[in-house]
Amino acid sequence: MAYRPLFSRDVFAELDRLQREMLQSFDISPSIRGLSRGGYPAINVGSTPRSIELYAFAPGVDPASLDVQIEKGVLTVSGERKADSVPEKASRHIDERFAGRFRRVVTLPDDIDPNAVQARYTDGVLHISVARREAAQPRRITIQ
Amino acid sequence: MNDTTLARQASRATTEPALLPPVDVIEDANGITLLADLPGVPKDRLNLHVEADTLTIEGEIALPTADGMEATHAEVGLPRYRRVFTLSKELDAAKVSAELTHGVLRLRIPKAEHAQPRRIEVRVG
Numbered sequence: 008m009a010y011r012p013l014f015s016r017d018v019f020a021e022l023d024r025l026q027r028e029m030l031q032s033f034d035i036s037p038s039i040r041g042l043s044r045g046g047y048p049a050i051n052v053g054s055t056p057r058s059i060e061l062y063a064f065a066p067g068v069d070p071a072s073l074d075v076q077i078e079k080g081v082l083t084v085s086g087e088r089k090a091d092s093v094p095e096k097a098s099r100h101i102d103e104r105f106a107g108r109f110r111r112v113v114t115l116p117d118d119i120d121p122n123a124v125q126a127r128y129t130d131g132v133l134h135i136s137v138a139r140r141e142a143a144q145p146r147r148i149t150i151q
Numbered sequence: 019m020n021d022t023t024l025a026r027q028a029s030r031a032t033t034e035p036a037l038l039p040p041v042d043v044i045e046d047a048n049g050i051t052l053l054a055d056l057p058g059v060p061k062d063r064l065n066l067h068v069e070a071d072t073l074t075i076e077g078e079i080a081l082p083t084a085d086g087m088e089a090t091h092a093e094v095g096l097p098r099y100r101r102v103f104t105l106s107k108e109l110d111a112a113k114v115s116a117e118l119t120h121g122v123l124r125l126r127i128p129k130a131e132h133a134q135p136r137r138i139e140v141r142v143g
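From first to last, the protein sequence lines stand for chains A and B. Note that my numbering has the first sequence beginning at 8, numbered continuously upward. Note that my numbering has the second sequence beginning at 19, numbered continuously upward.
Bound conformation, chain A alone (with noise of 0.2 Å):
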């Protein structure tokens, strides 16, 4: 693995490690899970009045292996993804993806509907869809 860093002549790789380490100095309050850049999968997260909606980026995963679960709060996705298997006699010249057991966790706000949970899998994508509890949408007061 050290040979690829130190003879790397990509460009754009360097670019991509540079840009992480930026994000990183400038991430002043990073998650006690360690929500950090760089994991698998990757995750966004939206949020609207009405749900929280998680994305996570986890690309060539059997969709049977994957696991969404939430305690008390907190939203655990989990999967593992299978190496490719390399024929013999050939040869692997980049090596990049991962491969192996995920987990991922990811706190959600106080105000969510644990039974309100929907989660698809589109395009190398899991996207999770957290309803918020009615009576925290907002609501308009009337004045009398």
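Hints in this document: simulated from the structure, not taken from any laboratory. Keep in mind it's a predicted model, so treat the numbers as computed, not measured. Where a beta carbon is used, it is the ideal one built from N, C-alpha and C, also for glycine. One thing to keep in mind: the hints can contain errors.
Derived coverage of chain B by chain A (criterion: at least 3 residues anywhere in the stretch with Cβ under 8 Å from a Cβ of chain A; other residues may be distant) [as the list claims (entries may be wrong)]:
{"hint": "1", "stretch": "33-47"}
{"hint": "2", "stretch": "103-111"}
Taking beta-carbon pairs under 8 Å as the criterion, some of the chain B residues facing chain A (in silico) [what the hints assert, rightly or not]:
{"hint": "3", "residue": "L56"}
{"hint": "4", "residue": "P57"}
{"hint": "5", "residue": "G58"}
{"hint": "6", "residue": "V59"}
{"hint": "7", "residue": "L81"}
{"hint": "8", "residue": "H91"}
{"hint": "9", "residue": "A92"}
{"hint": "10", "residue": "H120"}
{"hint": "11", "residue": "V142"}
Given the coordinates of chain A, assemble chain B onto it according to the supplied hints.
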């Protein structure tokens, strides 16, 4: 230096910023198999082209978004992937086949007929 290696081309002018997808490149006697992780790219947003000896993989991410969604945390910070490779001469760029499953692109680039391995008989005189 093994001249069958896919060398990455770095000098190509890039128009828009893009993510560099991780790849695996496996070579066997008959050709090269390239696997690239392109999560979130549907088939119709994937763009593959071979120009002279340059192979470009480009894909745009299309995610289902909810109304009024605000991003609160983003590890995938750009909406597209791009990676460029230089093919070596013995690869037959006209016969590239591609398959996109669960966000993984599998490209198969066969070697040209004349470059396939042949066993050379050694005759004893």
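Hints versus structure:
1. 33-47: Held - the stretch 33-47 of chain B has 10 residues with a Cβ nearer than 8 Å to chain A, which meets the minimum of three.
2. 103-111: Since 0 is below three, the answer is violated.
3. L56: Holds - the Cβ of L56(B) comes within 8 Å of chain A, reaching about 7 Å at its closest.
4. P57: holds, 4 Å
5. G58: holds, 5 Å
6. V59: holds, 6 Å
7. L81: holds, 6 Å
8. H91: Result: holds, 4 Å to nearest chain A Cβ.
9. A92: holds, 5 Å
10. H120: holds, 5 Å
11. V142: violated, 27 Å
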